Amino acid sequence: MSSLYEEISAPPAAGVPVRRVTLNVNGQDRTVDVEPRLLLAHLLRQGLKLTGTHTGCDTSNCGACTVLFDGRPIKSCTMFAVQADGHEVQTVEGLATQSSLHPLQEGFKEEHGLQCGFCTPGMMMAAKALLESNPNPTEDEIRWAISGNLCRCTGYQNIVKAILWAAEKMRGSSN
Amino acid sequence: MYPPRFNYESPKSLAEAISLLTAGGGEAKVLAGGQSLVPMLKLRFASPEMLVDINNIPGLNYVRRDADGSIHIGALCRHEDLEKSEVIAEHQPTIAAAAPLVADPIVRTRGTFVGSVCHADPQGDWSATMIALDGHIVAQGPNGKRNIPARDFVTGPFQNALAFDEIAIEAVIPAPKGDVHGGYLKLERRVGDFATAAVAVAVETSGGKVIRAGIALTGVGGRTINANVAADSLVGSALTIESIARAGELAAAAAEPRSDHRGSASYKRHIVSTFLTRILNNISESTVKAA
Ligand SMILES: Cc1cc2nc3c(=O)[nH]c(=O)nc-3n(C[C@H](O)[C@H](O)[C@H](O)COP(=O)(O)OP(=O)(O)OC[C@H]3O[C@@H](n4cnc5c(N)ncnc54)[C@H](O)[C@@H]3O)c2cc1C
Ligand code: FES
Ligand code: FES
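Chains as they are written, first to last, in our numbering: chain D, -5 to 169; chain V, 2 to 292.
Any given hint might turn out to be false.
Now the stretches of chain D that chain V is said to cover, found in silico as 3 or more residues with beta-carbon under 8 Å [claimed, not checked]:
1. 25 to 37
2. 43 to 55
3. 73 to 85
4. 153 to 160
FYI, nobody ran anything at the bench for these hints, they're computed from the structure. Owing to the predicted nature of the structure, the values given are computational and were not obtained by experimental measurement. No residue lacks a Cβ here, since even glycine has one placed at the ideal position from N, Cα and C.
Sequences are here, hints too, so could you generate the full structure?
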């Protein structure tokens, strides 16, 4: 169990408020002691060592920190870890299984949907939320759904193709 | 960036939330969607001793239309709930037009309509729609509920009329007396940017004549601007090329824009009159078609 912002695993200093929370991350219950001011992004990265979730801007603008919170995409740098108590969080680490990549991961590979890869986890989580509610999106709908996620490398073209690729594969496998 | 230290409470009822705010004596703040408050805390523009998270209070996430035609938006109704709402799509064109233009799709899953009105950002979109629609906020405190008209709710930039121990529990758009028309147009440099300028319009017509009109402007002043003179100029007659042009001039005159990185003051005034004219032309065409 970790108590963050204080030394990890050291007992918190007197007067520092600490909350015990249990959240489900990628299907697994995790119980942690956190200071209320700890951001969910920092709990994931520092506390739970799930460094797939990136923090790009830390000012709620870039979407690199996007995770799914009870299935909806949120910016994990703009929510406190305490607020996740009793909720489900999915991160990019939850996409692949032991044996295979998620179709979105395959799509990004096939269509060259990344260059430096910094925005990729957030893009994939935003795309996952889209495909869950809309399995057959148009190019326009994809562009709209990822408009809260910034990419400084690709020019978006191949990201859109990657998501279209994944959508097609996922439709095929659910038939 | 770390926010300053604070205590955190997540009450399960409004009564509990209000007594926490009362005990906080002005040092406690409501946390709704957090899409404005969390960034403010990180930048240390705010340092409350306690956050009262209202997200776990049941019964606040709704948008509904009552039998009388009034529309009620609960404190936990998110931007995206309005974007997807059939009630809004069918009955409230001003809100329907603004919903997809607020922030970006990820911010819209968390941020709330009511929280945005409370935040009172001169560049926030929802305050303008509320003023144009002549809506009100229902505030609940230790002594019960009171209604605060939207036009009096914002008292300055980032300041509202709530007492420290009051929670805005719902926004209400009053029942229309005629046919409902409206629109919202926003110029933004890119998705997720705040408005360079935006215009909210709500018009009710009966027998081809305007019987009520509301116009409010976003991003062109130190607070949301109620362009009531422009709106009043439309009431009592049908929309015509002349009356629309006149309203455009009056709205541009009501704007108080400043030149900045988003554009010059005169450019923003021009946008205001262009957007207003566009929305009113659309309304005029649709009323002609319907008649
Ligand atoms: C990248 C980005 C882009 C954005 N772009 C836009 C935009 O284009 N247009 C726009 O309008 N907004 C924009 N926003 C702001 C966004 O719409 C926020 O959701 C909104 O301003 C605040 O709503 P919230 O529920 O998140 O409130 P919070 O952040 O939780 O709270 C904001 C303030 O209101 C108070 N408050 C909230 N709810 C209540 C209540 N029920 N009773 C009493 N007080 C309350 C809080 O104490 C706090 O002071 C943007 C935000 C981000 C991060
Ligand atoms: S790190 Fe969260 S939006 Fe950029
Ligand atoms: S691949 Fe580099 S930011 Fe998107």
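Task: Cβ contact check, 8 Å cutoff: the region 153 to 160 of chain D against chain V, three residues minimum - done: violated (count 0)
TODO: Would you check chain V against the region 43 to 55 of chain D, counting CB to CB pairs closer than 8 Å, and say if three or more residues qualify?
DONE: holds (count 4)
- [ ] Go check the region 25 to 37 of chain D versus chain V for me, would you? Three or more residues, Cβ under 8 Å, otherwise it fails.
- [x] Since 4 is at least three, the answer is holds.
Task: Check of the region 73 to 85 of chain D against chain V for coverage (Cβ-Cβ below 8 Å, three residues minimum) - done: With 5 residues closer than 8 Å to chain V, the region 73 to 85 of chain D meets the three-residue bar; holds.
In this structure, the one hint that does not hold is number 4.
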